[in-house]
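Asks: The residues making up each chain are set out below.
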Amino acid sequence: MNNNVKKSKLSQLLQRFDQLGIVLVLIVLMVAVGFKNSVFFSRDNIINVLRSTSYVFIIGIAITYVLITGGLDLSVGSVMAMAGIISAMTAQTGASLLISILIGLLFGFVVGLINGILVVKLNIPALIVTLGMMYIVDGLVLIVTKGSPVYPLPESFKALGQGSVLGIPNIVLIALALALIGAFVLRNTRYGRCVYSIGGNRETARLAGINVNLTQMSVYVLASVSASLAGILMAGRLNSAQPSAGNGYELTVVAAVIIGGTSMFGGSGSIFGTLLGALLMTVIENALLLMKISAYWQSLIVGIIIIFAVGLDQYRRKKYGIG
Amino acid sequence: MELGNEMNTQNNTEYLLELDHITRRFIAVTALKDVCLKLRHGEVLAVCGENGAGKSTLMKILSGSDSFGNYEGTIRVNGQPMRFRSTKDAENAGIEMIYQEISLHLDLTVAENLFMGALPMTKWRTIDWRRMNREAKDYLQMVGLQVDPRQKVKTLSTSQQQLLSIARAIAKKPKILVLDEPTSALTQTETENLLRVIRDLKAKQVSCLYISHKMDEIFQIADRVTVLRDGEHIADYPTSEVTPEKLVEDMVGRKIEVLYPKQQAVIGEEILRVENMCVPHPYMKDRNIVDDVSFSLRRGEILGIAGLVGAGRSELLNAIFKAQEEGVSGKVWLEGKRIDKLSLRGIKEAGIGYLTEDRKRNGFIAGATIRENTVLASLDKIVHGGLINHRAEKQYANDYFQKLSVKAPDIETPMIHLSGGNQQKVVLAKWMMTDLKVMFFDEPTRGIDVGAKTEIYRLISDMANQGIGIIMVSSEMPELIAMCDRFLVLSNGKFRAELTGENVSQEKIMKAATLVEEN
Chain R
1 MNNNVKKSKL SQLLQRFDQL GIVLVLIVLM VAVGFKNSVF FSRDNIINVL
51 RSTSYVFIIG IAITYVLITG GLDLSVGSVM AMAGIISAMT AQTGASLLIS
101 ILIGLLFGFV VGLINGILVV KLNIPALIVT LGMMYIVDGL VLIVTKGSPV
151 YPLPESFKAL GQGSVLGIPN IVLIALALAL IGAFVLRNTR YGRCVYSIGG
201 NRETARLAGI NVNLTQMSVY VLASVSASLA GILMAGRLNS AQPSAGNGYE
251 LTVVAAVIIG GTSMFGGSGS IFGTLLGALL MTVIENALLL MKISAYWQSL
301 IVGIIIIFAV GLDQYRRKKY GIG
Chain Z
324 MELGNEMNTQ NNTEYLLELD HITRRFIAVT ALKDVCLKLR HGEVLAVCGE
374 NGAGKSTLMK ILSGSDSFGN YEGTIRVNGQ PMRFRSTKDA ENAGIEMIYQ
424 EISLHLDLTV AENLFMGALP MTKWRTIDWR RMNREAKDYL QMVGLQVDPR
474 QKVKTLSTSQ QQLLSIARAI AKKPKILVLD EPTSALTQTE TENLLRVIRD
524 LKAKQVSCLY ISHKMDEIFQ IADRVTVLRD GEHIADYPTS EVTPEKLVED
574 MVGRKIEVLY PKQQAVIGEE ILRVENMCVP HPYMKDRNIV DDVSFSLRRG
624 EILGIAGLVG AGRSELLNAI FKAQEEGVSG KVWLEGKRID KLSLRGIKEA
674 GIGYLTEDRK RNGFIAGATI RENTVLASLD KIVHGGLINH RAEKQYANDY
724 FQKLSVKAPD IETPMIHLSG GNQQKVVLAK WMMTDLKVMF FDEPTRGIDV
774 GAKTEIYRLI SDMANQGIGI IMVSSEMPEL IAMCDRFLVL SNGKFRAELT
824 GENVSQEKIM KAATLVEEN
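Line order of the protein sequences matches chains R and Z. Here the first sequence stands for residues 1 to 323, numbered as in the numbering used here. Here the second sequence stands for residues 324 to 842, numbered as in the numbering used here.
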């Protein structure tokens, strides 16, 4: 009987706290690494980890929206690179920082709109649309740059990417602001409610008078614009727009979002979870580096963690009949 | 297990299947409390109870699909204690399930579905198509299903698919057949056919657990009946020694005075008018599934649309509500204003609500809470300047939760944990919260138990009393006749008859519904 009570308490915790598994993994990992190498908890390293997390996280916020609607976007890595390049080239012509950024973001907007229209109006699966778009934008990157980076960049551009306020890098502050907005919108606005409803049951949402097409299109625009922003900031940080800037980001971001408990099937997910997911991805990378474990191990470990996290999600769904 | 051995044990035990003191706890609720159930050889045992009585949980345990298997108590088949960890285990023990929801492979053929998992093989270990299609014919004939074994399942109608799932279960030659509301998608003739099949099986010593709300079926087919309520075993009767009234009383735990609590509302002026509505047939070219239908509806009136499955009833409602738009033509007026050019959203905002036929598919969001589902169609009422007013949202949700007496711990309960009747109440709450002028009900009580049915009828009647015009589609003639003021009968998409008041009978409606015009 006593055993039963204990079990149900653990069950309750499992049921209530979506990201329990990942938080545990994160804590164990950090303690272990910190123990082995005190550099891990140094100010510089923490800032470093946060900065790397921010690129993934900025895109991850929008991808959380996409996944909650039951969609997917694999084109964000390419868009990230291309937006950085477009902004950098605009800046090199002597255009102001604001104009350069806006043009980069506009590119993202257009790509997102095309993705959205193809998914919603032509009813092509998001996986296929955005996979195709990934190759198309990749192609554009290579055609435009012929494979070489765009540099140097004007001072103002660099300042944006490299600057900091009170010792905290701009990008971290921007990511934080976006996270707060993203979480607020998801929880407290009509738009957020529509995003959840569509992923929960598209037909039910449609018959309740929710504009499912517009909402679905909008999340792809959000994803591409966020990817563009991350790409522009990264170009500023590196003082050059690299054709390979977004390589692999599409999967890293999706992994972070899924690890954070957002369901691939739509209808549930949170920005906080995505933050944890993005953090975990970076911490693993950082930890392996500090523990002097070969980088070759990284993919393997990330893979195990993804399966563990998603497996836990599935187990919860089954056990508590969620979704 | 060898056959001889099996025969031996069969003779030794009185009961083929025994469920002994089964208890199943979930975190918040105990779904089954100490339930006992016994099934003799070649017996048909009806299990009845309201939704939420624990029937589904019982079936899950019995079929091995309750994947965590944390139940207490024993299941015995032929006197042998068994514990099913997977559906395969249950099948091996000779238990075959036919679920309320059809689970067929739509892109495979009829024959492939029939023999799924046990395809007839040639000696070369390849599929013996010829034998498969030949044997399929026998099973199809057994259930009275006239289709080609090579036909894809998706071309079959819902009722044909239901019959196919029954044939599939029989093809596995089970010792125990469990049927969960098997007739909810069947027409009268098909139902009778099914009951005949069960009688045949019974003659072959196959036992059946027959789960149903439908009293007439229970009394036609079952030898005994077991009543469950709130997860507890309430009573066992031989069918010959009990009345339907007594069963209903046991199921709901109180006397139901009136099954159809219809109060005659004051019927006012015309509120909805439909002219020349046409909807193209989804599969057949150059044919309309709704063909030139015109009618009008008055305030406070309940208009019944009768007809067989596939007569175009749901399609008519879909077209008016703009749930389907492609190829639809026709004029619609709401309170004298044309609305057929509006979008679905515009139509909803103009004051039409639509409780659809298949609530799971498009009536509610299973993973969301009661609260989220209640406000889904009225976000405008809780959103100001784009922001959700959480307090107002809770207030609305709680109001309807209480008003409709939804049985659940609270409004934060996910819909998936509710019984069918309670889910339907929440779907209804969703529409009641919008400013309704006209409400469409498509099979409002499908898969809902008697108690919840009466509550739904009362709500429908209340709505009519408030001056809302109501259109009700139902395959259950008694409810249609009891609830509606006027009837339109559709057959093959065409408007066949309009019947009113006293002179309406099931026979008259059926006659009009089955009338097929020579083309």
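For the record, the hints were derived by calculation from the structure and aren't laboratory data. It should be emphasised that the depicted structure is a prediction, and the values quoted were computed from it without experimental measurement. A hint or two may mislead.
Quick list of in silico lysine-lysine cross-link-like pairs, DSS-like style, CA-CA up to 27 angstroms [said to hold, decoys possible]:
(1) R/Lys-121 to Z/Lys-664
(2) Z/Lys-683 to R/Lys-121
(3) Z/Lys-654 to Z/Lys-527
(4) Z/Lys-383 to Z/Lys-608
(5) Z/Lys-537 to R/Lys-121
(6) Z/Lys-704 to Z/Lys-717
(7) Z/Lys-477 to R/Lys-121
Asks: Taking the hints in turn, state whether each one holds.
Replies: A quick look at each hint next to the structure:
Distance restraint check for R/Lys-121 and Z/Lys-664: the Cα-Cα separation of roughly 20 angstroms lies within the 27 angstroms cut-off, and the hinted pair is therefore satisfied. Among the hinted pairs, Z/Lys-683 with R/Lys-121 is consistent with the structure: their alpha-carbon atoms are about 25 angstroms apart, no more than 27 angstroms. Using a Cα cut-off of 27 angstroms, the hinted pair Z/Lys-654 and Z/Lys-527 is violated, with the two alpha carbons roughly 57 angstroms apart. Note on Z/Lys-383 and Z/Lys-608: the hinted pairing is violated, with a Cα-Cα distance of about 43 angstroms set against a maximum of 27 angstroms.
Between Z/Lys-537 and R/Lys-121, the direct Cα distance comes to roughly 44 angstroms. Violation of the 27 angstroms bound is thereby established for this hinted pair. Restraint check for Z/Lys-704 and Z/Lys-717: satisfied, since their Cα atoms lie roughly 12 angstroms apart, inside the 27 angstroms limit. The suggested pairing of Z/Lys-477 with R/Lys-121 holds, with an alpha-carbon distance near 25 angstroms, which does not exceed 27 angstroms.
Checked against the numbered hints given earlier, the structure breaks hints 3, 4 and 5 and satisfies all the rest.
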